[in-house]
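Participant: Assemble the whole structure, with the sequences as input and the hints as a guide.
Heads up: the sequence shown runs through residues 1 to 301, numbered per the UniProt record's numbering.
Derived by calculation from the structure, the hints in this document are not laboratory data. Hints should not be assumed to be uniformly reliable.
Stated by the list, open to error - Below, simulated SDA-like cross-link-like pairs (lysine to any residue); rule was C-alpha separation at most 25 angstroms, straight line:
| id | residue 1 | residue 2 |
| --- | --- | --- |
| 1 | LYS217 | ASP167 |
| 2 | LYS186 | LYS110 |
| 3 | LYS110 | HIS142 |
| 4 | LYS186 | VAL290 |
| 5 | LYS210 | VAL290 |
| 6 | LYS170 | GLY132 |
| 7 | LYS188 | LEU86 |
| 8 | LYS188 | LYS110 |
| 9 | LYS236 | ASN135 |
Owing to the predicted nature of the structure, the values given are computational and were not obtained by experimental measurement.
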Amino acid sequence: MFSKGKEPAYEFLNNIEKTVSKDKTATARIHTGQIELRLGHQDGNGRLVDIKKVRGLIESTQKEIDDLYGVTPAHAPFYKVSARFLRELGDFAGYYREALRYLGVEDANKLTHEEKHCEAVLVGFAALLGEGVYNFGELLAHPILQSLNNSAEQWIAELLFAFNAGDLAKFYAMEAQWSSWDDLKKRKEFMLEKIRILAVMEISLARPAKERRIPFKEIANKCQIGINEVEYIVMKALSKGLVEGAIDQVDQVVHVTWVQPRVLDTRQIREMASRIAEWRKDVTSMENIVASNAKEILTRT
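Facilitator: Shown next, in the form of structure tokens:
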């Protein structure tokens, strides 16, 4: 219907809205169509013309979506256009959040391989460039990334796994691939800080809770920075609420008391299972000691 022009399309949607006004799902779907139509209204430089109008429509339609029960046919289309709007604004973090919502409710069988591939590339870039995006687990576990397999963009998935693990060596090894994209090349310093913060989180998560006394040297090695830069990167992680703890400048160690929960990938789950197994051994050992001491006390009395 959009091919006939914007005004006839607006009129058509307005007429349909009057017809379905008592159906909340249909109304939200019509409003989503209006948003989609306005997203196509761009100037000669490819910039949105109706930013204020689109933002207002998204906010009001979001309220309608929130009032619907369960997942309806209106959810996926709405999250898709909401994500597209944020992408047009260059809001990587916002796009990442909305795109994951879209992928969480969309029927993947309805998407072509090309559509899946495009979504994977866009969401992958948003994860890497999004301010405040430090939880990659949900994306890494999503089947959408499989569309990158055996393609020229397969490196995006590999880079995402490297970030999630705080793997600086992998990041540098792949520089020839990611630096060929201007958006990534221009934000190299931003990405370096992000992957180093993730490295601090990874070091902390990899240790049992009772052994989170991490030497500056270990952090420096993991983050590939000088000892004098460790305090800065740890303070960044602390200020963002990703970890809690204290920095001991005298002994040059970091005491980590808490790490923000993340969606774990397969490797991290295996490591977590290993730590739980060790914890169970410690508990069993303590139970045996208590039981043995209790017998001695009972025997003496």
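Participant: For each hint given before, does the structure comply? Return the numbers of the non-compliant ones in rising order.
Facilitator: Structure breaks hints 2, 4 and 8.
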